[in-house]
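A.B. asks: Here is what each chain is made of, one letter per residue.
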Amino acid sequence: MKKQTTYSQGHVEFLKNVRRKKIIIWTARLGLLAVIIGAWELCAQFELIDPFVTSSPSRVVATIGELYATGNLFYHIGITLMETITGFFAAVITGYGVAVLLWMSDGARRVFEPYIVVLNALPKIALGPLIIIWMGTGYTAIIFMTVIVAIIVCIMNTLTGFLQVDGTMLMLMRALGANKRQTLCKLVIPSSLPQLMNTLKVAVGLAWIGSIMGEYIVSRAGLGYLIVYGGQVFRLDLVMTATIILCALAGAMYAAVALLEKLVTK
Amino acid sequence: MILKFTDVDYTYHTLAGETEALKGLNFDILRGQFVSVIGPSGCGKTTILSLAAGILQPTGGEITRGGGDCGYMLQRDALFPWRTVEENIFLPLEIRGTKNAAEKSRALALAEKYGLKDFLKKRPGELSGGMRQRVALIRTLAAGAELLLLDEPFSALDYQTRLEVCDDVQAIIKNEKKTALLVTHDISEAIALSDKVIVLSARPARVVAEHDITFGDGTPKSRRNSGRFAAMFEKLRDELGI
Ligand SMILES: Nc1ncnc2c1ncn2[C@@H]1O[C@H](COP(=O)(O)OP(=O)(O)OP(=O)(O)O)[C@@H](O)[C@H]1O
Ligand SMILES: [Mg+2]
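Line order of the protein sequences matches chains A and B.
The numbering of the first sequence is the working numbering, which starts it at 536 and goes up by one.
The numbering of the second sequence is the working numbering, which starts it at 2 and goes up by one.
Don't take every hint at face value.
Only some residues are given here: those of chain A computed to face chain B with a beta carbon under 8 Å [stated by the list, open to error]:
hint : residue
1    : M706
2    : A710
3    : A713
4    : K715
5    : R716
6    : P725
DEER-style ranges, computed between Cβ atoms [what the hints assert, rightly or not]:
hint : chain 1 : residue 1 : chain 2 : residue 2 : range
7    : A       : G673      : B       : G126      : 17 to 27 Å
8    : A       : K715      : B       : Q76       : 49 to 59 Å
9    : A       : K715      : B       : R124      : 47 to 57 Å
10   : B       : D119      : A       : I558      : 37 to 47 Å
11   : B       : Y13       : A       : C720      : 51 to 61 Å
12   : A       : L636      : B       : L121      : 46 to 56 Å
13   : B       : E127      : A       : C720      : 19 to 29 Å
Rather than coming from a laboratory, the hints here were simulated on the basis of the structure.
Virtual Cβ for every residue (Gly too), placed ideally from N, Cα, C.
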């Protein structure tokens, strides 16, 4: 559709309305955040709640400053980010590869199906002790945990996308004499792009679950480690701080994927 | 002769049982002819096209092709929405590995000849249904197909567009001197477009009657306006048993 340059009065009104609604929504969103933070701080200040147990925004800020001053802030963030992002890419790329292989071979798909279903249902944390024994207590173990948590869903989602390709288009490829590889590259992969973007979004969440879970089980650094450590020594400021940083990072990573989606499916 | 079916049988096997789609089917198509196949729904028309295209192999009898590639045009245009019109037209060349400068310019010349010049860089989503079918036809022609297999290519269009597009498609095919095998359930469409109409029985399909249609000057419009149109229509209706 062509971009119009002059609009009727009614359309200008409509656009204005849309913009006004957007502003209201954003004001409400930020306002809600401010209210929560404000209420939390006030309740803590006037000791309506015990700030030793619930912490408070000012104590969180102080803790961040302290972590920063001792050089620990970016160290822990960096470790967790590295584990999460490495695990995320490993899971997405390997998952995509496996999905391609399963799409290529009907037989393989049917052979592996029950295994995938069982692995999907298995609570991955049950593998914790095994992973420690196999991989040690370094971050390879945590990355491995991240991959295990995310990969099955990556495989299943990607494969679903592959199998949903329009039947008429498949028929066209057959009539043109396309082989499997051509059908994959020219039809299946491009047409399942939206599904891939969905998979990435889901995988972001799973990668964070995997890495933090991994850090709970074994670790000497990272945000998950800070949370567990803070809990053990009853420093709830530390727990809250790490949790809030986690929220921000997870949100940012999701936003990055959403942006990517906008770019590729425009 | 470009295509000949001799005593062709085809049976589908599924877990639910077997379906005899075609039984002892005989017909042939001469080069340059526009042939329509009409028959009750589910009688095996699409199966005939799949056999002609070589996507299916007959379970009995013989199919002889007189040389030249087949091109398939489906009920829905199956244009890839993520490709531009031009890239869609190049798809068959890519698949056959003949996407060289000469073939590309031949395909583009064809597109320009039939009024797609201004649409080449657009995406299919920006085109009307009629225009999309024209792109689908040009894609089939650009592949160098001699025999075009058309499976109810107009049935997804609204009535007015449908009249326009089917005249349009027939004119292009005639102009390019291609052979066409059209499946339709629309009797008047079959009479208006074809040199020959083949009437099929209910499943398993066999040929009930064949009619060479010679009246009019070859354009669909002259056919529809001819006094002999109605009589032919009645005859085909009788043979279909409706
Ligand atoms: N892949 C398949 N497996 C099993 N049976 C099939 C398959 N394809 C078609 N059939 C059956 O074969 C018969 C003929 O099918 P075909 O699609 O050729 O009919 P058609 O004349 O094109 O029908 P329509 O008018 O609905 O387009 C039908 O009864 C159909 O149910
Ligand atoms: Mg059909």
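A.B. asks: Are there hints from earlier that the structure breaks, and if so, what are their numbers?
C.D. replies: Violated hints: 4, 5, 7, 8, 9, 11, 12; rest satisfied.
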